[in-house]
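Make the full structure from the sequences, and use the hints.
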Amino acid sequence: MNRTQAREWLVKLLYQFDVSKSEPSDILNKFFENNDPEEEKDYIEKTFYGIVENVNNIDDRIKKYLKNWDINRIAKIDLAIMRCSFYEILYCDDIPNSVSINEAVEIAKKYSTEKSPSFINGILGNLVKDFNNDGDNYDN
Numbered sequence: 383m384n385r386t387q388a389r390e391w392l393v394k395l396l397y398q399f400d401v402s403k404s405e406p407s408d409i410l411n412k413f414f415e416n417n418d419p420e421e422e423k424d425y426i427e428k429t430f431y432g433i434v435e436n437v438n439n440i441d442d443r444i445k446k447y448l449k450n451w452d453i454n455r456i457a458k459i460d461l462a463i464m465r466c467s468f469y470e471i472l473y474c475d476d477i478p479n480s481v482s483i484n485e486a487v488e489i490a491k492k493y494s495t496e497k498s499p500s501f502i503n504g505i506l507g508n509l510v511k512d513f514n515n516d517g518d519n520y521d522n
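Following the working numbering, the numbering of the sequence shown begins with 383 at its first residue and continues without gaps.
Think of the hints as simulated: they come from the structure by calculation, not from any bench.
Cβ coordinates follow ideal geometry from the N, Cα and C atoms, glycine included.
Treat each hint with caution, since some may be false.
What the hints assert, rightly or not - In silico lysine-lysine, DSS-like type, Cα no more than 27 Å apart, as pairs: (1) K423 x K394; (2) K446 x K497; (3) K458 x K403; (4) K511 x K428; (5) K423 x K497; (6) K428 x K491; (7) K445 x K491; (8) K412 x K492; (9) K458 x K428; (10) K492 x K394; (11) K492 x K445; (12) K458 x K445; (13) K423 x K403; (14) K449 x K491; (15) K491 x K511; (16) K423 x K511; (17) K458 x K492.
Claimed, not checked - Label pairs and their in silico Cβ distance ranges: (18) D418 x K445: 35 to 41 Å; (19) I453 x D408: 21 to 27 Å; (20) G432 x Q387: 14 to 20 Å; (21) G507 x N454: 18 to 24 Å; (22) N514 x K445: 19 to 25 Å.
This is the structure in structure tokens:
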């Protein structure tokens, strides 16, 4: 499994977490029982738990970039994609922002609606623009 495939699985796991309200450990354990992510296991586990633990903070930051939208109106798959990318941008210094955004857009093209890739790209682009303007101080 490569990183792109791992991100796709991560989005699916986040979607399942959001829709099922199951325990995160149950979702992840079931995934690992049925799949062998090989060298990407640590990435999937660390990122999944990181997003789950920081979901309120991540969602608050997503809300900041929604213009005339309520976060509850966003398609669950789009929310999962954005949560994954927001987490990588905010918490993972080893992943270039451009890679995270590109992967998010590609996942949206594959799993979501026709308009979702540009919507997600705009939200993530604004996040990165603010992040670059504010430097490492991201408490806004």
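These are the hints, each one checked on the structure:
no. : hint                    : in the structure
1   : K423 x K394             : 15 Å, holds
2   : K446 x K497             : 20 Å, holds
3   : K458 x K403             : 13 Å, holds
4   : K511 x K428             : 26 Å, holds
5   : K423 x K497             : 31 Å, violated
6   : K428 x K491             : 25 Å, holds
7   : K445 x K491             : 22 Å, holds
8   : K412 x K492             : 24 Å, holds
9   : K458 x K428             : 21 Å, holds
10  : K492 x K394             : 12 Å, holds
11  : K492 x K445             : 24 Å, holds
12  : K458 x K445             : 14 Å, holds
13  : K423 x K403             : 22 Å, holds
14  : K449 x K491             : 22 Å, holds
15  : K491 x K511             : 23 Å, holds
16  : K423 x K511             : 31 Å, violated
17  : K458 x K492             : 14 Å, holds
18  : D418 x K445: 35 to 41 Å : 37 Å, holds
19  : I453 x D408: 21 to 27 Å : 25 Å, holds
20  : G432 x Q387: 14 to 20 Å : 19 Å, holds
21  : G507 x N454: 18 to 24 Å : 23 Å, holds
22  : N514 x K445: 19 to 25 Å : 20 Å, holds
Checked against the numbered hints given earlier, the structure breaks hints 5, 16 and satisfies all the rest.
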